[in-house]
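Number of protein chains: 4
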Amino acid sequence: MSFRFIPGRTYRMPVVFGPGLGPRQGDEGRKFTSPDSHKTITRSVSFLTNRAQLEELLPEEFAVRGEPVTTVFASYMTEIEWLAGRGYNVLGVTIPVTFTGKVDRAVGSFLAVLWENLTDPILTGREELGFAKIYCDLPEPRIHRGVTHCTASWMGFKFMDMTLFDLTPAPAAAPSAAQEDGLLHYKYMPRTGAWGEADAAYVTLTPAATLQRVEKEAWRGQGSVQFHRATWEDLPTQYTIVNAFHQLEIKEYRGATVVHSVGAKDLSDQRILR
Amino acid sequence: MSFRFIPGRTYRMPVVFGPGLGPRQGDEGRKFTSPDSHKTITRSVSFLTNRAQLEELLPEEFAVRGEPVTTVFASYMTEIEWLAGRGYNVLGVTIPVTFTGKVDRAVGSFLAVLWENLTDPILTGREELGFAKIYCDLPEPRIHRGVTHCTASWMGFKFMDMTLFDLTPAPAAAPSAAQEDGLLHYKYMPRTGAWGEADAAYVTLTPAATLQRVEKEAWRGQGSVQFHRATWEDLPTQYTIVNAFHQLEIKEYRGATVVHSVGAKDLSDQRILR
Amino acid sequence: MSFRFIPGRTYRMPVVFGPGLGPRQGDEGRKFTSPDSHKTITRSVSFLTNRAQLEELLPEEFAVRGEPVTTVFASYMTEIEWLAGRGYNVLGVTIPVTFTGKVDRAVGSFLAVLWENLTDPILTGREELGFAKIYCDLPEPRIHRGVTHCTASWMGFKFMDMTLFDLTPAPAAAPSAAQEDGLLHYKYMPRTGAWGEADAAYVTLTPAATLQRVEKEAWRGQGSVQFHRATWEDLPTQYTIVNAFHQLEIKEYRGATVVHSVGAKDLSDQRILR
Amino acid sequence: MSFRFIPGRTYRMPVVFGPGLGPRQGDEGRKFTSPDSHKTITRSVSFLTNRAQLEELLPEEFAVRGEPVTTVFASYMTEIEWLAGRGYNVLGVTIPVTFTGKVDRAVGSFLAVLWENLTDPILTGREELGFAKIYCDLPEPRIHRGVTHCTASWMGFKFMDMTLFDLTPAPAAAPSAAQEDGLLHYKYMPRTGAWGEADAAYVTLTPAATLQRVEKEAWRGQGSVQFHRATWEDLPTQYTIVNAFHQLEIKEYRGATVVHSVGAKDLSDQRILR
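Chains as they are written, first to last, in the working numbering: chain A, 1 to 274; chain B, 1 to 274; chain C, 1 to 274; chain D, 1 to 274.
Be aware that one or more of the hints could be misleading.
Unchecked claim - Label-pair ranges, simulated between beta-carbon atoms:
#1 V103/C x L48/D: 33 to 43 angstroms
#2 P169/A x D166/C: 32 to 42 angstroms
#3 D104/B x Q226/D: 53 to 63 angstroms
#4 R274/C x P169/A: 48 to 58 angstroms
#5 R4/D x V103/C: 19 to 29 angstroms
Stated by the list, open to error - Derived pair list, reagent style DSSO-like, types lysine-lysine, alpha-carbon separation capped at 27 angstroms:
#6 K216/B x K39/D
#7 K39/C x K216/C
#8 K39/C x K158/A
#9 K158/B x K39/C
#10 K39/B x K158/D
#11 K251/D x K39/B
#12 K39/A x K102/C
Unchecked claim - Stretch by stretch, here's where chain D covers chain C in the computed footprint (C-beta under 8 angstroms, at least three residues):
#13 14-24
#14 125-132
The hints are simulated quantities; they were obtained by calculation from the structure and are not laboratory data. For every residue, glycine included, the Cβ atom is placed at its ideal position computed from N, Cα and C.
Chain A on its own, in the form it takes in the complex:
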């Protein structure tokens, strides 16, 4: 007898071996709810940039919200429950936006791209959530004489350096989530054979309201970030992305943060905006 889908379960290629396993669906369909999962260290640097350049990176129906301040963040995660206690790292770039759809409106941050150093969450994130995840190597940062140095590379080409320094302990941030609806994404899946057409093309939202992350310690300080110009030979699948950030004007740095936190929601409340 052929393979059949089990109703109510989420699938991902290859489908014929049963429901897709990932952050929102474990062995035997169980949910991951441990509050001890996801020990995370997030390091971020923000800078004031050129509004017109940011707008070029936003889909229609999006507009830059307030000052054109971009944030580059790198998160280093361990003890992740859905990976049976393993970890992985991510590097993302966000832009403050308002979204004005035909039906929905939202204020939040647009996740322009999210590099991750593990393929499995890249697949679940792209396909189930619409996160613009792609792969790169994200080694542990170097920390030396009060300076933290994060890097990112792809097959030996280092395309980003980020440094954080003059860090001093900061009180836990007031949950800024309160004023924002969440993180915004543009999901897109091409249609096979009909090149240029899409199987899916819509905006998705990661609601801020239900975050389960508990901040343990935090620091504020200075930082800088550089994306390095790449040729097609250097990054044949990503040079356009890296060069867009390389060209982004840095008018003024707006500080750096380091946050140690525990916990993460499974993002099963991710939803389409219209």
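Add chains B, C and D to chain A, keeping to what the hints say.
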């Protein structure tokens, strides 16, 4: 001004940096046509198995064709043009099938799963073509005293061993592609928030007719393959896949092949079957 | 003019580029003295074993001290000053011993082997200190549902699993170093061409008295450890080592510890015992 | 009963588990003699440089022989018998020299440094043979549009780029080994605790006469090589080495070669020169 799609170009997340770069679309939209691309060594082992077990791994509208013989193949590729001369490796499992759709009919092989050790082709393959690609580590094989030993692992858990031996030079295979329509796939993309529903769910075909692979040398001999039982802790995203192959009965080995080839088409003729 | 040695500086191959760089000698010959270096998490499991088996692993002039209790420890280090803020991991096995040389006597632990996942400290450690360091992969442990799982592998062959569980906070250990002279090693360097002869063969001591490690947090609990039987094909340079531990009788586990510490001395007080 | 050395066998730390396993001594002490071992692709680029700069890289008793032409070579090896069929890669720099010792004289090439991407042969090579081996990452070269591009890096810092192009098939080289005595090395092992003193400091020779390498195919053409300036932070254990090559004047390139070969001797004829 916001980002806008360029008509006629293929996109992949993140879309806002321009057309997706990959095997079918390079820098400035160029095609990759070098006949020297893709130096490939493919090693495969086939075995007669249980028909009922294979049928459980086939979507509706598919049936096992002829004897229930499964093939496990590992390809090690270098000098790939669309990666600017880099390489990567893959491990796949195929089942001989007939497809009888509402409109189309095809005979060929169903690609149940394809592991690859590089994320970039996994993303293009899943989203543009419908290949059931997932990640694993595929180190160079060990070759010693006439025995070739291939392995596959995920984050330190070795889930497959394949050995080939008693290999003797074989005349170039008559292009069996002639009798087959090609490689068959089941493409599936979940719909965000509507868990259990799909943005896309259809069968795709890689036509055999236009293959540009030139066989340089070939050997035939004996081989064996073992998939190792995994727990959820071992392979939290893939244990169901590996265990399905672990449980697949091996009634009789049907030989091994090694083929050295050059060339590959860009698969832009991939199409949906109905 | 030819290369010449600078008197008073320590050298390591290749010598012709100047003094050897490492933990005891940095750029321009400077010493590394930062108390913030070496953030370390050490996880260890001890067990009572067979005295005769341990004795076979001890050089002449060594004897098992007290109960034949072996300890396997894995340390995960970050923010190391001499590596400009990078880190690496180690896995060691110690045996409690007395050393009775022609001149010197010492009580301490014999470091039978120390695997490390970075070559540079392996070279400095072997050649300058006499530590029996060799290479293996030491991924970050999995931590899930209160169980910590450490592994070690070499080119894809996992040769050790160690688990720690039922961990409860423990008061900082009384510095046991007080009663011990330190860590003992057998340094050996073969003589080129005179196979079977040695350029160096002597016992060395890492004095306990001058340790600069500050314990920050500690836990005690239960644990287990398994070394997996290896063939020559699995571990062609290390199977004899791993199999010796595989065969070591485990009569009774004697508990596990986890210690978070900061600081490390540069081991420049390492010395030869006679 | 304590561990005892077996007479006539070669040892390496850790000694207490029995004779050292490596290229010259396998399981049960057997020798590796397969003529099919060591499938090797060697790519090299030579250039005329400054004589005075080269002399600074030579130990006493060495002098530059003939024109000051340095060769940088990268070898990619598979199917190595003593590694049970695995492979590894190396990157070396040689200088043509004459050696005039108190007793011995030799003409050949001085191996200033040899990077390797596997620790096990680094240890056997340094300690048994006196090769100046150190670690770096040596990924498979990129080969694209007739250009081969080799790179070397250490923990994410790429310190060398080498390109080869305009390659045309070349007749097998007349065995130049005939006129040379072999490859020369300066072995040095520091003495523990007596910082600045040595356990061993002598010149060793790899005799050319007994090479068992069979050349299968060869190409000649053009090439270039660049070592990139490094800070202590970039390469805390190797910046002095890389910077010496970075500063080496390139007066004129003297061509590139690619050689495919099979076979290697076990170097058990390595000997001390006086």
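Hints, verified against the model:
no.	hint	verdict
1	V103/C x L48/D: 33 to 43 angstroms	violated, 56 angstroms
2	P169/A x D166/C: 32 to 42 angstroms	holds, 33 angstroms
3	D104/B x Q226/D: 53 to 63 angstroms	holds, 55 angstroms
4	R274/C x P169/A: 48 to 58 angstroms	holds, 51 angstroms
5	R4/D x V103/C: 19 to 29 angstroms	holds, 22 angstroms
6	K216/B x K39/D	holds, 19 angstroms
7	K39/C x K216/C	holds, 10 angstroms
8	K39/C x K158/A	holds, 26 angstroms
9	K158/B x K39/C	violated, 31 angstroms
10	K39/B x K158/D	holds, 26 angstroms
11	K251/D x K39/B	violated, 36 angstroms
12	K39/A x K102/C	violated, 53 angstroms
13	14-24	holds (count 9)
14	125-132	holds (count 7)
The structure fails hints 1, 9, 11 and 12 (numbered hints given earlier, in ascending order).
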